[in-house]
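Keeping the supplied structure of chain A fixed, place chains B, C, D, E and F upon it in accordance with the hints.
6 protein chains.
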Amino acid sequence: MTQPPSGAARPISRWPVPAMVDLPEDLKARILEVQSKAGFVPNVFLALAHRPDELRAFLAYHDALLLKPEKTPGPDGSPRGLSKGEREMIIVATSSANHCLYCVVAHGAILRVYEKKPLVADQVAINHRKADITPRQRAMLDFAMKVCLDSATVDEADFAVLHAQGFTDEDIWDIGAITAFFGLSNRMANMTGMRPNDEFYLMGRVPRNKT
Amino acid sequence: MTQPPSGAARPISRWPVPAMVDLPEDLKARILEVQSKAGFVPNVFLALAHRPDELRAFLAYHDALLLKPEKTPGPDGSPRGLSKGEREMIIVATSSANHCLYCVVAHGAILRVYEKKPLVADQVAINHRKADITPRQRAMLDFAMKVCLDSATVDEADFAVLHAQGFTDEDIWDIGAITAFFGLSNRMANMTGMRPNDEFYLMGRVPRNKT
Amino acid sequence: MTQPPSGAARPISRWPVPAMVDLPEDLKARILEVQSKAGFVPNVFLALAHRPDELRAFLAYHDALLLKPEKTPGPDGSPRGLSKGEREMIIVATSSANHCLYCVVAHGAILRVYEKKPLVADQVAINHRKADITPRQRAMLDFAMKVCLDSATVDEADFAVLHAQGFTDEDIWDIGAITAFFGLSNRMANMTGMRPNDEFYLMGRVPRNKT
Amino acid sequence: MTQPPSGAARPISRWPVPAMVDLPEDLKARILEVQSKAGFVPNVFLALAHRPDELRAFLAYHDALLLKPEKTPGPDGSPRGLSKGEREMIIVATSSANHCLYCVVAHGAILRVYEKKPLVADQVAINHRKADITPRQRAMLDFAMKVCLDSATVDEADFAVLHAQGFTDEDIWDIGAITAFFGLSNRMANMTGMRPNDEFYLMGRVPRNKT
Amino acid sequence: MTQPPSGAARPISRWPVPAMVDLPEDLKARILEVQSKAGFVPNVFLALAHRPDELRAFLAYHDALLLKPEKTPGPDGSPRGLSKGEREMIIVATSSANHCLYCVVAHGAILRVYEKKPLVADQVAINHRKADITPRQRAMLDFAMKVCLDSATVDEADFAVLHAQGFTDEDIWDIGAITAFFGLSNRMANMTGMRPNDEFYLMGRVPRNKT
Amino acid sequence: MTQPPSGAARPISRWPVPAMVDLPEDLKARILEVQSKAGFVPNVFLALAHRPDELRAFLAYHDALLLKPEKTPGPDGSPRGLSKGEREMIIVATSSANHCLYCVVAHGAILRVYEKKPLVADQVAINHRKADITPRQRAMLDFAMKVCLDSATVDEADFAVLHAQGFTDEDIWDIGAITAFFGLSNRMANMTGMRPNDEFYLMGRVPRNKT
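Protein chains in written order, with our numbering: chain A, 1 to 211; chain B, 212 to 422; chain C, 423 to 633; chain D, 634 to 844; chain E, 845 to 1055; chain F, 1056 to 1266.
These are calculated hints, taken from the structure and not from any lab test.
Quick caveat, the model's predicted, so the values are computed rather than measured.
Where hints are given, some of them may not hold.
Here are the simulated DSSO-like pairs of lysine-lysine, each with C-alpha atoms no more than 30 Å apart in a straight line [stated by the list, open to error]:
1. B:K357 - A:K146
2. C:K568 - D:K779
3. B:K357 - C:K568
4. A:K116 - A:K37
5. D:K749 - E:K961
6. F:K1201 - F:K1123
7. F:K1123 - E:K872
8. E:K928 - E:K912
9. D:K750 - E:K881
10. E:K990 - C:K568
One chain only, chain A, in its complex shape (with noise of 0.2 Å):
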């Protein structure tokens, strides 16, 4: 890595980052286990934690919509809800749309670790129509692409397009859902110059024992 270590050499966000010992005592568990889990502390964690209240709420709406069960197939195989992969390209489809360098990053690489494709991610990012997906998951991505950029116009069309694809209303509030949500996260971190983790922008391009 030619690079300095995540966050050495440039700011993180424009406003103050909390030190982790001042940091609230369940955000700080919060935060260790996660850098347990990843290796480092993703920089939202940080930045967004100069605002506990606020952070506490976005992790819990973040988990709400993204620490679920993964899928299980039905007996004949149909598809049954959105996979955690296919989460990941709704936040990597719709960040892009919105240029939020952290959100790009960072769920690319998850995206990519989750559905073991080290090509996707860029390929949702820059152009979901030409990207190695399914025509089920195309569907997905454009409607999150309407509620991303134009929800004003989503109607029951939309709905029929998604229904014929086998997804349920409770997919279908889950895509919206988790647009809305980085919609959100993204204008914070957009206004906070919200600085990715240089780990992430390899994760998940090379195989585990490689890197």
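Relative to chain A, chains B, C, D, E and F alone:
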């Protein structure tokens, strides 16, 4: 009132709306508290209660951003922070940019009540540049609109304009975060077809003793 | 009412506004007639009276488009032409797309009065797709918005949609011409900073005997 | 001329066009007057004559804005008001922004004739920033384009730019009102598919004695 | 002609323009050939000759796309490939979308000459939907405009529309490649302020024996 | 690498791709040269080889713009011209604005290699305003984006900004011409569905001895 009571005739959301008795205790308590204060249950509580965990996070985020002690001007009369009315102006202006019927109507009502100005909500919703607001509030809304519509281009020049109007970095975080949070709310309301309660439309337009 | 009477505190136009005594007789007569009906002089008359010839043409165009006998349904109940309320819906929806404070507020009031629906003006102004209107009215407003925002792409497919809703070619001319005329009006009001009379904001929101 | 005479082959409007004999006397007289001057009847008269009252108002508005005595420079040579050619520049530039075939072609012809510059109409229509015009005219067209495309954001800074170029508030009203009126005209022409007379295309491109 | 000869009065490019004597032999030969055919040197040759290597590549690309044998209709009269006039229509329509004065004026002239229709270039430049062209040509231009303005969304549905009009995949490549190449040309002309020769404006508008 | 070798599984273009043996000798030689240097044949060569004359012109243009001797700083250390890395930054930023998967991925790789900065390509692609680049490079990319997205409005004020950063007019031509050329390339890639080689995605992300 020549229209049916709130929510009587038309669905308030495209998704199922839980009955009060089926709600978790904490949400039920919160909703009853709001009802006793407002005289009715704002539909956003019921529509989002379809997903209790998400509603809890939503309310926590909302409270962190909006339930703050009212600003006290400094000894020199200089403004300090955002007033409750100013927070609502941000919501109304950006929600209108997102064409969100629920948020413009509901927060337009709250804005009128806080500011005791029956005209300002409609002005801010239609064209904030023509509203009866101060230059400081105009700058605040210009920035909110940029975070709402084009957050990727926010840069130091924008902060300089706000500093020149007496806003601190903490105030700027508030402006951006409220915008970002209601961007989430607008997208959920647009997707679910969330219907504002009929009561909101008239609220704050006539002196209390007249209604 | 906690605000000053109409026009008392702030200029109603960036340009000079003539005194009633200085107006040509025909315009004075017209304005007095309006005043006796409405109880006040809508500011558009005074602001545009800065140029009497233009105001005369403006009023002639306005009357040609809006002062038509109310539609009478055919013997089979089929709709015939545009109702007065529908004409105002077109004005409110397209004026909101042009962010014209004067026209949305003034014609929002007239819309509420004609339709006897206190909510419909705000709904149409914020997002006509979510308004409590008929599918026929929705198609009418979709077409009006296209003429307002992207008239170069109007083509036969648009006419087919309107014909399918029972609109005749004469009705379609009305929709387009009202949109075109208020596009003119919106631009004049935006340029002159035309201020809506305070009276409009509340009009049609409460039953007559209450105000 | 290798093409059929004006209007011979293709309809000049999507709506019925009245025969001259069926027109009200005042409109007939006006049209005959134009014909005797121009050598042909511009199609806008015939297309809009489908609605005599609207055409009368249209012509009255047109005359109020365009039939003004030519400007006379002040004793110090300072410009006074808009010249006839400048009024046509505004029409051509803004009608092109609205992609209105009729107005660009017809008023492009008039612009060439007034200015005695065979190139200026095409230049202004395609990109007014590259046209052979004065900086004062460039500022005039920049403002007209703003009124045409984004009138909600017009503010005092725009007026200051025009004042610096010697435009008075009365001149600015002219610029904006001409833009607004032709915004109406453009939308009517686009909706009706109004066809420019073939004669306009060549007019003013070659010295009189050559055609 | 009431204007100065081509390029006499105003610079044809913001960058230095080489004298003919200073040009490499191959470019000089090419330019003299064009001059002897057209009667003047189109300014694009001189403006781009500032960079001989780039001009050579530009001309090679241009020739590969435009110097093709004219189409011969099949035995059944079915259209085959793009005619020279159709290639120019694509250039004029897309260059107008890019507001490129040089390309609209110069290729408008060539379009008129090839098609022997003095009106078609202005029609296609202002609004191709209103031009006197065939439905097949309309579909061709619709596709060209999509490649010009929003190429990321081109997909199979677009190809199907063109196939239905009898275009082969080779024809479609031509449409897209001409659009792409003139997108390059438009940007160079806009950046350099490339001035069209005065001669182009009138070319093809009057029968040969009249000019 | 967990994905199939370059081009094995999915078509690299919507059009037929010629076999190497069927290519003209000069193109075959060029392609073999690239292959021996890069270790694989970038798909753009094969996809565009469907039209050998166009590919030759494409390569000649590419070489004229990109194969220039690396800049040498002046004696005073002042920057001179565009470095190879800076040329690639322009390509990556503008290709991302055009949502061109091929160019962002392929030139992102080359950018990383030239700049020896594994993060910069993703940063420039997602939001160049947040990238780890110099103010001079920021100004360069701002101008490139304007040429890419709105070239009609480029004017002297834009040149002044670049001059203030030490760019000469020759440098500015380079910035604009590279942007214009890749605007062509982006449109061809988007239309043909040109697929980037899998190899590009990882290139330049890890030190040579690690891959």
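Status of the hints after comparison with the structure:
no. : hint              : in the structure
1   : B:K357 - A:K146   : holds, 20 Å
2   : C:K568 - D:K779   : holds, 20 Å
3   : B:K357 - C:K568   : holds, 26 Å
4   : A:K116 - A:K37    : holds, 18 Å
5   : D:K749 - E:K961   : holds, 25 Å
6   : F:K1201 - F:K1123 : holds, 24 Å
7   : F:K1123 - E:K872  : holds, 24 Å
8   : E:K928 - E:K912   : holds, 8 Å
9   : D:K750 - E:K881   : holds, 27 Å
10  : E:K990 - C:K568   : holds, 19 Å
Comparing the model with each numbered hint stated earlier shows that all of them hold.
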